[in-house]
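Let's have the full structure, built from the sequences with the hints guiding it.
Just so you know, the protein sequences line up as chains H and G, in that order.
For reference, each letter of the first sequence is one residue, going 1499 to 1927 in my numbering.
For reference, each letter of the second sequence is one residue, going 274 to 381 in my numbering.
To be clear, the hints were calculated from the coordinates, so they are not data collected in a lab.
Simulated restraints, written as ranges between beta carbons of each label pair:
1. Pro-319(G) / Ser-1522(H): 54 to 60 Å
2. Pro-1554(H) / Glu-280(G): 34 to 40 Å
3. Gln-330(G) / Val-1556(H): 34 to 40 Å
4. Arg-1555(H) / Met-307(G): 45 to 51 Å
5. Gly-1607(H) / Asp-315(G): 42 to 48 Å
6. Thr-1850(H) / Ser-304(G): 30 to 36 Å
Output of the computed footprint for chain H on chain G, the stretches with three or more beta carbons under 8 Å from beta carbons of chain H:
7. 320 to 332
8. 344 to 357
9. 360 to 371
Quick list of in silico lysine-lysine cross-link-like pairs, BS3-like style, CA-CA up to 27 Å:
10. Lys-341(G) / Lys-1688(H)
11. Lys-301(G) / Lys-1767(H)
12. Lys-1594(H) / Lys-1615(H)
13. Lys-1767(H) / Lys-341(G)
Note that the structure is a prediction, hence the values are computed from the model and not measured.
Glycine is no exception: its CB is placed at the ideal position from the N, C-alpha and C atoms.
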Amino acid sequence: MPHFTKPAEGSWTEHFGLGTEPVSYEDSISSAHYELERDAIFRRTWLNVGRVEQLPRVGSYFTRELDAARTSVVVLRDSDGEVRAFHNICRHRGNKLVWNDYPGEETNGTCRQFTCKYHGWRYNLHGECTFVQQESEFFGLEKADHGLVPVRADVWEGFIFVNLDGADTTPLREYLGEIGEGLVGYPFHKMTQVHRYRAEVRSNWKLFIDAFTEFYHAPVLHAKQAVAEESRKLQGIGYEALAYGVDGPHGMVSSWGGMSPPKDLSMVKPIERVLHSGLFGPWDAPDIGIDELPPGLNPARHPSWGMDSFLFFPNFMVLIWKTNWVLTYHYWPTSYNTHIFEGTCYFVPPRTALERLAQELAVVTFKEYGLQDSNTLEATQTMLESRAVTEFPLNDQEILLRLLHRTAHQYVNEYRQQTATPVRVSAAS
Amino acid sequence: MPTLPAEFADLEPFADWAIATERERYAKRLSSTMDELQAFYDSAFPRLEAASSYLDQFDMGAMPDEAKRLLWLYCSLVTVSFPVEVWRQPRVPDSGSTRLDAVAEPVV
Ligand code: FES
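See below:
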């Protein structure tokens, strides 16, 4: 007996026409498939690489290592105040232009121009080549023809995206579709207190998204996180979402509030009782200056709403909590069975030490859950690779997993058709 | 040399928990025994409310050094509360050797 209303078709999965058959995880254990995903997905979609607050002034920049997309980009604020992105490569002989100490590590800072470490060519904030060392030694070289190679960059609600596909002309806002549109106006810019975490995870990138787009696992995998009695209760109830949404490649799940604040204080740990905070964030919501939530949040307008989780294909998730804080996840593949996970907590800056400690508790709780999740993934990846089982049933609360894998397949298939790459799926890895 | 505000002299024996970054707080938790974590928790937890009222007199952006240290010590209490209150072990269960490291966090 569902606790929350399902669509007329009887399930969310059927409502969105995603199929109810068991799924194969071959797309997560094949290195040949991953090579296709790099070109078909990561070089062809809008990728979120940061927020505008990371570029506070003219000349602010950061680099992003986009291994999956086979490049590194430098993202900056130019002298007109616009956000721009370039491939991080020098036009002279291909050295990586912006890096510190370790060429493979991301960096950030503020500058007036970029100077290549190799032979000193310089580029201004518009990417124009402004200086060539011993220019007269070259043969008819035009500086004007040797600017940095631009990458399309755009900003949505303060989130900076890049798109490496020169041929794709879909504007960012259109790409993010109705799901993105439903969040427009949410005051992300007020949440400038940032805690960012990073992990190297030994699983395919999609498996971690799978773990974070369903809450079916939460009462079980994280049972040891709650006090014993509460934990038994949660397992007995299981998990059901308030609503799901799908638009094109993107999806969302709307969830009830759980424990923010808990109905009964004995359900939570002593420190949570004192600090008024926990897994669902600080219980006392700061003012964020809006009377009504944008329409995309709590779409069912359910009174026990607690949090919505949005998956913007391919690898960007935004979680917006009832008590006015935000969590984002990014999954950056580094091979078919490894990726870098980033989790970032955004809060309104605390006014008091108590608020600061409440945020710390929320952040550290997120970290502890994340550690369990990511360790479990390694266990999943290795067993999937055994191919002892090749078909897996997914329930209705796992609908966004179907969406993700199906969408990823579609991108790969379209790419294959366009480039006529010989078909080679199966067991090769 | 006391490092915490005079009102919290009783916590001086645990002043080495006044650590500025989450990564180091977490590392100290992992390298401590449950007895050490328990002793810190038993002394610091009952003073949590007193500490937060004491800290409330300062603006978050303009805390004197000893107040900052008190705040960091209480960030450490948050870090050790998990093993002490629930798991009875310094590491979260079922996490193997997984790492999730802070790469950006507030200065105070
Ligand atoms: S490679 Fe950059 S100046 Fe030569």
